[in-house]
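Since chain A is already given, all that's left is putting chain B on it; use the hints.
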Amino acid sequence: MSLGRTWLKNMATLLVVGLLLAACGSGTKPAAEQTPQTKPAESTAATWDGTLTIGLPSNPTTLDPRVTLDGISRIVYYSAYEFLVIVKPGTTSELVGDLADKWSVSPDGLVWTFNLKSGHKFWDGTPVDSNAVKFTFDSMMKMNKGPAADFRSIKEVQAPDATTVKFVLSTPFAVFPVLLGDIGIINPKVMEKAQNNDYGSTYLATNLMGSGPYRLTEWKPNQQVVLEAVPEYWGTQPKAKKVIFPILTEVSNLRLRLEKGDLDIAWGIPTDQLLTMFGQPGIRIAESTGFDFIYVYLNNQKKPFDNVKVRQALSYATDYEVIVKELLKGHGKQLKTPFAVGMEGYKEPTFSYARNVAKAKQLLAEAGYPNGFTFTLLYASPTVGAAQAAQVLQANWAEIGVKVQLQEIAEATRRERVDKGDFEASMGQWVKTAQPYWTLNVWHESSRFGLAGDRSFYKNEQVDKLLAAASAEMDLTKRSDLYRQATDLIMQDAPYVYLYQRNSMLPMRESVKGHLSNPVPYRMNIPDLYK
Amino acid sequence: MKRLRYLAWRLLVLIPVLIGVTLVTFGISRSIKGDPARIMAGDMADESTLASIRREFNLDKPLYVQYLTYVGNLTRGNLGISYQSHRPVSESLRAAMPATLELAFIAALFGTLAAIPLGVLAAVKRNSWVDHLVRVTAVGGVSLPVFWFGVILLVIFYRNLSWLPAGGRFDPRLALPASHTGLMLADTLLAGDLAGFLISLRHLLLPGFVLGYSYMALVARMVRSTMLEVLSQDFIRTARGKGLAERHVIYRHALRNAMIPTLTVMGMGMANLLGGAVLTESVFAWPGLGKLSVDATLYLDYPVIMAVTLIITTSYVVINLLVDLLYGILNPRVN
Chain A
1 MSLGRTWLKN MATLLVVGLL LAACGSGTKP AAEQTPQTKP AESTAATWDG
51 TLTIGLPSNP TTLDPRVTLD GISRIVYYSA YEFLVIVKPG TTSELVGDLA
101 DKWSVSPDGL VWTFNLKSGH KFWDGTPVDS NAVKFTFDSM MKMNKGPAAD
151 FRSIKEVQAP DATTVKFVLS TPFAVFPVLL GDIGIINPKV MEKAQNNDYG
201 STYLATNLMG SGPYRLTEWK PNQQVVLEAV PEYWGTQPKA KKVIFPILTE
251 VSNLRLRLEK GDLDIAWGIP TDQLLTMFGQ PGIRIAESTG FDFIYVYLNN
301 QKKPFDNVKV RQALSYATDY EVIVKELLKG HGKQLKTPFA VGMEGYKEPT
351 FSYARNVAKA KQLLAEAGYP NGFTFTLLYA SPTVGAAQAA QVLQANWAEI
401 GVKVQLQEIA EATRRERVDK GDFEASMGQW VKTAQPYWTL NVWHESSRFG
451 LAGDRSFYKN EQVDKLLAAA SAEMDLTKRS DLYRQATDLI MQDAPYVYLY
501 QRNSMLPMRE SVKGHLSNPV PYRMNIPDLY K
Chain B
532 MKRLRYLAWR LLVLIPVLIG VTLVTFGISR SIKGDPARIM AGDMADESTL
582 ASIRREFNLD KPLYVQYLTY VGNLTRGNLG ISYQSHRPVS ESLRAAMPAT
632 LELAFIAALF GTLAAIPLGV LAAVKRNSWV DHLVRVTAVG GVSLPVFWFG
682 VILLVIFYRN LSWLPAGGRF DPRLALPASH TGLMLADTLL AGDLAGFLIS
732 LRHLLLPGFV LGYSYMALVA RMVRSTMLEV LSQDFIRTAR GKGLAERHVI
782 YRHALRNAMI PTLTVMGMGM ANLLGGAVLT ESVFAWPGLG KLSVDATLYL
832 DYPVIMAVTL IITTSYVVIN LLVDLLYGIL NPRVN
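Order-wise, the sequence lines are chains A and B. As numbered in my numbering, residues 1 to 531 make up the first sequence, in order. As numbered in my numbering, residues 532 to 866 make up the second sequence, in order.
If we strip away everything but chain A, and leave its shape as in the complex, we get (with noise of 0.2 Å):
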């Protein structure tokens, strides 16, 4: 027999002994994974086994309330924990009492009084207290790291009695609530891992310590993690017993498992393949206002941008329409103003830039740049949609004479060079609540150069003092009013080119039932969600 026959001979054996080797490693899989056909088998009513499937994009970073910035995070602790307060779900602002039962504030906007609800415990039988509340509070400012930059404002954390927390503020803030609802409320037997002063932040990491309906159960880097119910829970049981979470980077990975039926839900879809999604078969994309924005910083302390002129030239002349139409495919509308549709006591703005190129060649002019002058863009891949729109500015600067460089950069390194206003424009994204607070005051304070919020470098003593007053006004209305003003002088400045609003789209197997929007969509309510 000649080699290659041999050959042929040997590796169909290995081949075929291969495959069935691979097609009988079935183990206890369910059903649906064996058999092979082009159609997911949905689980109906009365075959689901109680686990839904959540696939992440990345690798939560740290588990601890008090530490953890990233949104991935958050979707994990969210349910394993309570917080005073949050933002009611299938709204974009109203708050409700999740441990505490009702709180107010002081005259001079001083001191907020959270009053607990009684009945709520940890796992292990504790009751949620003010001192819980008190611990958590108190570890996050003394750890110093990530959200504790949000309450700088706290003077003193006080806990007359059980069921009663005072925050004492060294500054009026009006929306300080809100904020309440991104920090869990930690057990405080956590001190006993405590190691290295580290109140307890390296065992919450990789664990949890709530009074929330999941556990973690399991956790593995890179691979998946686990939330099952627990059974001692003081409340209501969740739908879904068990919560998986695989981390799955590659987004056509993502997306396969979700069409496939393998994911219930898929985060991390760019916003141009959930485009595209809309109408599959099976699946279901859940849209509401979103708080995503898309704008572009200019440098208002370098020339050009130095020149209100010129800045609003490049507002008038971007194309909002396009850009809407083109790369929202509608998912979206145009950012009018930084005071932004549905968020808190919102009103149709009375000027926004609409795209005008006779007005902005002229504005030009009158700017002293009759012929244009060009400028370098930085963009980093991850903001998603910045590619896009950049291109999109770039070809309607052309049509006045500004000629834009596009630079992609790393991301860290675009960051640092925005915190140190070592750039010209940049495009850039930011995702928040439904306050003003978050675009106005946080944008445009002057106070806030750089990374903080104000990456234009815009300075306006005006809209400064009028910011300050509305985020210390405790009457919505009257803050509203305050807020308007500010917008309306922002416009004519035009530190930025506000571009669009992106609605907040998080894509689903259609069996799945009992999802609520949130203006912040890593808050998802998985205790409600069943198949």
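Source of the hints: derived by calculation from the structure; they are not laboratory data. Don't take each hint at face value.
[Unchecked claim] When the alpha-carbon atoms are kept at most 30 Å apart in a straight line, the in silico DSSO-like pairs for lysine-lysine are as follows:
| id | chain 1 | residue 1 | chain 2 | residue 2 |
| --- | --- | --- | --- | --- |
| 1 | B | Lys592 | A | Lys420 |
| 2 | A | Lys142 | B | Lys592 |
| 3 | A | Lys142 | A | Lys309 |
| 4 | A | Lys432 | B | Lys592 |
| 5 | A | Lys459 | B | Lys656 |
| 6 | A | Lys242 | A | Lys121 |
| 7 | A | Lys403 | B | Lys564 |
| 8 | A | Lys303 | B | Lys564 |
| 9 | B | Lys656 | A | Lys420 |
Quick look at chain B alone, frame taken from chain A:
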């Protein structure tokens, strides 16, 4: 004895190589613009918070002090704390290394088992349709981008045919086997769990094939070209003239000599499998070193970057050493 002395010498040389690698990696990682303290603390952090984090991770010290501290900790087996997870780097490595080793092993096994016979066949059947087929297959291996090829295979074998899983090391709906070695195949066998072994094997097939395909292509081309060279030499003519069976001539004489230069390529290829599986690991959600290093780079997680670089460098050096030792066995004249 000579071989032992040689081995000792090569291991000794490893030390300055590793020192050089730490120096270069340290220098490059510190030259990347970006502030790890800012990444850890968030955008809203004030200067005092940033200063506190820098102090905690020694980022406020001069670079040479940071480097010496790192090397000092290294000699005590301390790889540092990950900026991202706030956990010891060794923990991340303990989780990722077995995954990469297992994938690399399967890829190398497939690649080697396929490459050598294919290369020999192509050489023996030069310019025939068999030779052309092997060469086209090999070209595919070195030119098809992994992120495309892997996804296509997922579409075919996972989505359309439902024959193989979409990735990961095990079925997420089943309990993971008890971990003794971190190698799923080994752990399931140790536990006597044949069903689990087969599930692990199924999860390895697609990523192993994709990763092994480029390795197979590299080695097959090398085997073919060295075989062609060897087959044209006088001693082969002599062997045939002596009436030896063709199989004997090809495998005992020609291939043995052709393998000597091929070993170098195989060694480099295997080392590459360990460190270069980033795309394969991403496409197939394989939680190995490649994935870990990408995340670390994006996050400016210096301790993890340094640790992964050291491991991959050590792998290259050790594999090179093994290749050199194998030379001596294949060709005693080298000794």
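Against the structure, the hints come out as follows:
Pair hint Lys592 (chain B) plus Lys420 (chain A) holds up; C-alpha atoms about 21 Å apart against a cutoff of 30 Å. Distance check on the hinted pair: Lys142 (chain A) and Lys592 (chain B) sit about 23 Å apart at the alpha-carbon level, within 30 Å; holds. Only pairs whose Cα atoms come within 30 Å are accepted, and Lys142 (chain A) paired with Lys309 (chain A) is rejected, the gap being roughly 46 Å. Between the alpha carbons of Lys432 (chain A) and Lys592 (chain B) the distance comes to roughly 35 Å, so the proposed pair goes past 30 Å and is violated.
Proximity of Lys459 (chain A) to Lys656 (chain B) is assessed by CA-CA distance (about 77 Å); at most 30 Å being required, the pair is judged violated. Simply put, Lys242 (chain A) and Lys121 (chain A) have alpha-carbon atoms about 21 Å apart, close enough for the 30 Å limit, and the pair holds. With a C-alpha separation of about 26 Å, the suggested pairing of Lys403 (chain A) with Lys564 (chain B) holds against the 30 Å cut-off. Straight-line distance between C-alpha atoms of Lys303 (chain A) and Lys564 (chain B) comes to about 24 Å, which keeps the hinted pair within the 30 Å bound.
Distance restraint check for Lys656 (chain B) and Lys420 (chain A): the Cα-Cα separation of roughly 65 Å exceeds the 30 Å cut-off, and the hinted pair is therefore not satisfied.
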